[in-house]
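Asks: First to last, the sequence lines map onto chains A and B. According to the numbering used here, the stretch in the first sequence is residues 1 to 389, in order. According to the numbering used here, the stretch in the second sequence is residues 1001 to 1263, in order.
Note that these hints are calculated values from the structure, not bench results. Hints may contain errors.
Computed Cβ-Cβ distance ranges for the label pairs, DEER-style [said to hold, decoys possible]:
#1 219/A with 1203/B: 53 to 63 Å
#2 370/A with 1063/B: 51 to 61 Å
#3 339/A with 1201/B: 44 to 54 Å
#4 1201/B with 198/A: 50 to 60 Å
#5 1026/B with 273/A: 26 to 36 Å
#6 339/A with 1245/B: 25 to 35 Å
#7 1253/B with 258/A: 35 to 45 Å
#8 1091/B with 271/A: 47 to 57 Å
#9 383/A with 1199/B: 46 to 56 Å
#10 1219/B with 258/A: 45 to 55 Å
#11 152/A with 1164/B: 49 to 59 Å
#12 1253/B with 340/A: 26 to 36 Å
Ideal Cβ positions, reconstructed from N, Cα and C, are used throughout, including at glycine.
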Amino acid sequence: MNYFLSEEQEMIRDLAEQIATERIRPVRAELDEREEFPWEIMKDLAQSDLFGIYIPEEYGGLGGGILENCVAVEQLARACIGVATSFAASGLGAYPLLLFGSDEQKQTYLTQIASGRRLAAFAVTESGAGSDVSAIQTSARRDGDHYVLNGTKQWITNGGESEIYSVLAITDRSKGPRGASFFIVETGDPGFSFGKKETKLGIRASATRELVFQDCRIPADRLIGREGLGFVIAMKTFDKSRPGIGSLGVGLAQGALDLAVEYARKRVQFGKPIISFQAIQHKLANMAIKTEAARALIYAGARYMDTDPADASKIAAMCKVFASDVAMEVTTEAVQVLGGYGYMRDYPVEKMMRDAKILQIYEGTNEIQRNIIGQELNKEYGRLKRSFF
Amino acid sequence: MHIVVCIKQVPDTKNVRIDPDTHTLVRQGVESIINPFDLFAAEAALRLKDRHGAKITVITMGPPQAETALREVMARGVDEAVLLSDRAFAGSDTWATATALAAAVKKLNPVDLVICGKQAIDGDTAQVGPEMATFLDFPQAACVKSLDLADQHHLQITRQTDEGTEVWKLPLPALITVVKDVGEPRVPSIKHKLRAKKAAIPVWGAADLELAPEQVGLAGSFTQVVRVFSPPRRSDRILLEGDATQQAEQLYDLLKAAKVPGI
Ligand SMILES: Cc1cc2nc3c(=O)[nH]c(=O)nc-3n(C[C@H](O)[C@H](O)[C@@H](O)COP(=O)(O)OP(=O)(O)OC[C@H]3O[C@@H](n4cnc5c(N)ncnc54)[C@H](O)[C@@H]3O)c2cc1C
Ligand SMILES: Cc1cc2nc3c(=O)[nH]c(=O)nc-3n(C[C@H](O)[C@H](O)[C@H](O)COP(=O)(O)OP(=O)(O)OC[C@H]3O[C@@H](n4cnc5c(N)ncnc54)[C@H](O)[C@@H]3O)c2cc1C
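Pulled out of the complex, with its shape left as it was, chain A reads as follows (with noise of 0.2 Å):
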């Protein structure tokens, strides 16, 4: 389908699936396997100028929004999302700094990020605070023109590989939800190490680790915004973020429907490919159909989200539960499709349906999601005092 993306978004779109094709593919079952950080091809995304995408060209970017954003990580994802994931990731960590940096942090950590020389990671998440972000004990104090860390992040993408870190920390206990604040911590920074790195289930190109400070001492000047606004932050990076949550989910979608329709046509079985079965064609014609709607809704919806709307929180979400929720289901088809092959670490379809599962867990859970486009609901309605019936 024709989704009418202009000159620079197609060329966009081509360079993504060419890196996708030429150097995530042939190497995404070994970095599975392996549980390797995807390093070399950082490098070439690097090269490409994909990790400036959304970033304004002032700071080294191409000044694009989150509709490019979403196209090239469509791609990526094709290929594989642990790789995709770690692309995404650093954008997650980037965006605290884009919405309420000052112009020297943007200056010097944009053009960072947006060349990819230096990574950046969004960290947020500790053992007892998931969904509940409020309830996060890391805290940070003030001493002099110094802020002081204490506390551990757990799960932090591209954790111990990138080197720029939004972090979330208690400034004031008892301010309640304002209490809280980001901050930029270096890889460097004095009492700031790194845990354990996690195994997992899918996404395993991707680094997943613990972040540790302990009396970790950083200039003032690395507060973004001001005292207070974490959780604000939090949910606007949120609302940038979410429909490349669901580019993710597009992708992999799109490139498990690519293997499994192929393979349907030439698999032989009772004389005849596989595809001829009725019962294999409804199957992979749900598959399109959801993932072409899950697509349509991530491109209308990122297009929307690049205007600065007030109901971003509630599009963001649907972008996200929508397009993950099909991720997993055509990942999962796609292996029935492929029947024993497909449960198979020779054929690649199994890592997708592995894979797929992340995304209805990380940058809020599906339930939260729907909890968020719910009580949007209910606050909308309430505004509109009137009836359809």
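Following the hints, put chain B with the ligands in place on chain A, whose structure we already have.
Replies: Using the frame of chain A, we list chain B with the ligands on its own:
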């Protein structure tokens, strides 16, 4: 430093067929690609540029469509491009091709280094680079697998030969042809793609190169194609399968069965 990279557009040999009657390549419907070795030539130039700074100009002699190949190389960071295109160039053999390319290098003067691919995957002669060097009176090294500036005026290279590797220092200006070991060609970048898309690419004909019509094209070619034929397909081949150990065992059995002396 000014580096000139020579690239050739070739049919994608993965999909190419030979016409059984005329014994020539069936070019219809076959996608053109950049000769793979020439992407390595461009990469070698780009790595020198990354390390020492340089201006890189890419040139090709070919039909007007060859312009897309030039833009593709520019999208990886090459600065400028020139297309050598003229009806008079049609039918050029390696001599006539090298004549035109060498004339273009002279016109681009000053040039410190010319980099070609080891050979083109269609013509396959590996002659164009060495012939150009001769016409330009440049020192040359073929099949270069690594290179760097030794100093301001010298290039140090390692070249692959059947006997082993050789290390040479060439005074600049020089010409080299490269093999794949020089480094995996980088991916294009969006910024360079945008620049390449807008770049004006001059087209030079024989007159621009101050070459007489009889020096180029069919008229300037010494090669006379007497006969072209497809070698008969050999059917007496066995493809060994399995891992290395299994293959070695099968090979041993075959050699033994063939009564090869000493086995
Ligand atoms: C048996 C035979 C028959 C032939 N018959 C004909 C014929 O009938 N008609 C005809 O027109 N030609 C013919 N040719 C010539 C040949 O097809 C090429 O046109 C020749 O110019 C280039 O030689 P090559 O492809 O072997 O390149 P090589 O010498 O193998 O190429 C080496 C390098 O030189 C550079 N290079 C080569 N060509 C170009 C170019 N055009 N532009 C820029 N850089 C380049 C590249 O860097 C390349 O990697 C014939 C050749 C042979 C061997
Ligand atoms: C591979 C991976 C990478 C990650 N990367 C990052 C990262 O880069 N940065 C970062 O900060 N975090 C990251 N996370 C953390 C991730 O965002 C959290 O795992 C996620 O928010 C859910 O938290 P939890 O795992 O503690 O689950 P819990 O919050 O304990 O939830 C458990 C279950 O209860 C449900 N649930 C909880 N509360 C509600 C509710 N109110 N209503 C309905 N259902 C509810 C959940 O939906 C879920 O099904 C990552 C996690 C993983 C697994």
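Asks: Against the structure, test the hints numbered earlier, and report the numbers of the ones violated in rising order.
Replies: Structure breaks no hint.
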